[in-house]
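Number of protein chains: 2
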Amino acid sequence: MKLDNQGLLIVISGPSGVGKGTVRKALFQRSDHDLEYSISMTTRKPREGEVDGVDYYFVSKEEFEERIKNDQFLEYATFVGNYYGTPKDKVLDKLKSGSEVVLEIEVNGASQIKKKMPDAVFIFIAPPTYDALEKRLISRGTEHSDAIKERIEKAHQEIKLASQYDYIVINDEVDNAADRIMAIIRAEHAKTTRTIDEYLKLMEE
Amino acid sequence: MKLDNQGLLIVISGPSGVGKGTVRKALFQRSDHDLEYSISMTTRKPREGEVDGVDYYFVSKEEFEERIKNDQFLEYATFVGNYYGTPKDKVLDKLKSGSEVVLEIEVNGASQIKKKMPDAVFIFIAPPTYDALEKRLISRGTEHSDAIKERIEKAHQEIKLASQYDYIVINDEVDNAADRIMAIIRAEHAKTTRTIDEYLKLMEE
Chain L
29 MKLDNQGLLI VISGPSGVGK GTVRKALFQR SDHDLEYSIS MTTRKPREGE VDGVDYYFVS
89 KEEFEERIKN DQFLEYATFV GNYYGTPKDK VLDKLKSGSE VVLEIEVNGA SQIKKKMPDA
149 VFIFIAPPTY DALEKRLISR GTEHSDAIKE RIEKAHQEIK LASQYDYIVI NDEVDNAADR
209 IMAIIRAEHA KTTRTIDEYL KLMEE
Chain E
29 MKLDNQGLLI VISGPSGVGK GTVRKALFQR SDHDLEYSIS MTTRKPREGE VDGVDYYFVS
89 KEEFEERIKN DQFLEYATFV GNYYGTPKDK VLDKLKSGSE VVLEIEVNGA SQIKKKMPDA
149 VFIFIAPPTY DALEKRLISR GTEHSDAIKE RIEKAHQEIK LASQYDYIVI NDEVDNAADR
209 IMAIIRAEHA KTTRTIDEYL KLMEE
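Residue numbers (this note's numbering), protein chains in the order written: chain L, 29 to 233; chain E, 29 to 233.
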């Protein structure tokens with residue numbers, strides 16, 4: 029019996045190269061739980077094959093800035109001249125309908141969300157070692173060594189922020205990490221702070 | 029990768045008749061996790077077949093009272109003229125060796141433990157309804173209707189104490205309850221408060 033009918037907002041974050049995306053994908057392959065992914069909004073142009081409302085919500089710069097003004101993002105950032113953000117209304121609708129919403133975002137975005145959604149569950153995906161992180165960044169093959177060095181330096185800073193998260197999940201093995209996140213979701217639904225009001229009401233009836 | 033090498037003290041409590049024992053047994057049947065049960069100490073005489081150090085630690089009244097004086101119990105109580113208690117040293121040894129220790133105790137005992145072991149994980153096993161609780165007490169067949177009425181009244185008081193626990197697990201179906209407790213144990217091991225010091229140390233090396 030589940031007491032809280034609200035879904036949970038699960039924020040998965042961690043340093044660049046830690047494997048957030050891989051862990052998130054492994055999580056969504058588990059068929060025994062209803063998870064929803066939040067679709068980001070962006071001002072960048074769609075690439076070939078990308079579908080509006082599936083890959084991203086594609087909007088104009090004017091619309092995006094209007095939404096920032098109206099506090100309609102849980103978090104947003106700019107990257108190579110384009111805006112990227114998490115639309116608040118879409119996330120809240122999904123949570124109300126009882127779905128868990130998973131956000132996979134950068135450390136800075138997670139900090140923005142913590143201010144707006146303190147009830148969200150913040151999970152820091154951590155590398156087992158800096159060496160493992162470096163290896164992963166090199167194996168991606170998308171960046172030259174200076175950029176990788178920069179990312180490792182940034183990771184040193186970001187790992188200090190792990191203390192602000194609710195959970196630390198080490199990505200030593202992607203399936204282990206996904207299993208641990210599933211356990212966290214189940215445990216959070218049983219947390220007294222989330223369920224006590226509903227339970228006492230139920231027992232009064 | 030597990031960060032905290034200490035085991036967790038898992039305190040399972042709830043009203044009489046809620047099925048704490050059944051849930052605990054289901055939990056111990058799961059072979060995928062190392063759980064240890066804390067053996068109580070008592071001044072009651074061993075029944076036929078009961079083994080010292082297996083069913084209980086059997087001690088004299090004098091020894092028990094000496095141990096109370098020396099603060100050697102996590103909790104204790106008297107029942108029908110005999111003492112029953114949880115020996116502190118045995119529990120601490122098991123936790124240090126990395127085992128999770130499961131205590132299945134009455135609500136009053138759980139309150140005593142909360143003062144001595146604030147890091148323990150407190151799980152309130154809750155009945156789905158008062159009717160379900162009454163049915164279970166009746167089906168035990170060990171008590172007459174006045175005693176059952178008294179237990180139900182006590183349950184009304186004890187359920188108000190659920191707010192002091194970390195988690196509420198409704199015992200609607202014993203395997204569901206045991207699954208949820210396993211998820212709680214896994215999630216607690218990933219909690220930042222339990223792991224951050226160890227993780228930052230690991231990353232400095």
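No lab work stands behind these hints, which were simulated from the structure alone.
As the structure is a computational prediction, the values presented were derived from the model and not from experiment.
The C-beta atom is built at its ideal place from N, Cα and C for all residues, glycine as well.
Where hints are given, some of them may not hold.
Dumping the calculated DSSO-like pairs for lysine-lysine here, alpha-carbon to alpha-carbon at most 27 Å [said to hold, decoys possible]:
hint, chain 1, residue 1, chain 2, residue 2
1, E, K97, E, K163
2, L, K229, L, K53
3, L, K182, E, K142
4, L, K177, E, K116
5, E, K188, E, K122
6, E, K73, L, K229
7, L, K188, L, K73
8, E, K116, L, K53
9, E, K229, E, K219
10, L, K142, E, K116
11, E, K144, L, K229
12, L, K97, L, K142
13, E, K219, L, K143
14, L, K122, L, K97
15, L, K89, L, K177
16, E, K97, L, K219
Not everything, but these chain L residues come out facing chain E in the computed CB check (under 10 Å) [as the list claims (entries may be wrong)]:
hint, residue
17, Y158
18, I198
19, V202
Okay, the hints, checked on the actual structure:
1. For the hint pairing E/K97 with E/K163, the CA-to-CA distance comes to about 41 Å; that exceeds 27 Å, so the pair is violated.
2. In summary, the hint linking L/K229 to L/K53 is not supported, as the alpha carbons are separated by about 38 Å, beyond the 27 Å threshold.
3. Under the criterion of a C-alpha separation no larger than 27 Å, the hint pairing L/K182 with E/K142 is inconsistent with the structure, at around 41 Å.
4. A threshold of 27 Å between alpha carbons decides the hint, and for L/K177 with E/K116 the separation of about 50 Å lies outside it, so the pair is violated.
5. For the hint linking E/K188 to E/K122, the alpha-carbon distance of about 32 Å lies beyond 27 Å, and the restraint is violated.
6. For the hint linking E/K73 to L/K229, the alpha-carbon distance of about 44 Å lies beyond 27 Å, and the restraint is violated.
7. The suggested pairing of L/K188 with L/K73 is violated, with an alpha-carbon distance near 35 Å, which exceeds 27 Å.
8. As the CA atoms of E/K116 and L/K53 are separated by approximately 44 Å, the hinted pair breaks the 27 Å bound.
9. Taking the CA atoms of E/K229 and E/K219, the gap is near 16 Å; set against the 27 Å cutoff, the hint holds.
10. A hinted pair counts as satisfied when its Cα atoms are at most 27 Å apart, and L/K142 with E/K116 does not qualify at roughly 39 Å.
11. With a C-alpha separation of about 31 Å, the suggested pairing of E/K144 with L/K229 is violated against the 27 Å cut-off.
12. With a CA separation close to 19 Å, the supplied pair L/K97 and L/K142 stays within the 27 Å bound.
13. A threshold of 27 Å between alpha carbons decides the hint, and for E/K219 with L/K143 the separation of about 20 Å falls inside it, so the pair holds.
14. About 23 Å separates the Cα atoms of L/K122 and L/K97, which keeps this hinted pair within 27 Å; it holds.
15. Between L/K89 and L/K177 the alpha-carbon distance is near 32 Å, which puts this suggested pair outside the 27 Å criterion.
16. Taken as a hint, the E/K97 and L/K219 pair is broken in the structure, with Cα atoms around 36 Å apart against an allowance of 27 Å.
17. Hint on L/Y158 holds. Least Cβ distance to chain E is approximately 7 Å, under the 10 Å limit.
18. For the restraint placing L/I198 at the interface with chain E, the shortest Cβ-Cβ distance is roughly 5 Å, inside the 10 Å limit, so the hint holds.
19. Evaluation of the L/V202 hint against chain E yields a violated restraint, the C-beta minimum of about 12 Å exceeding 10 Å.
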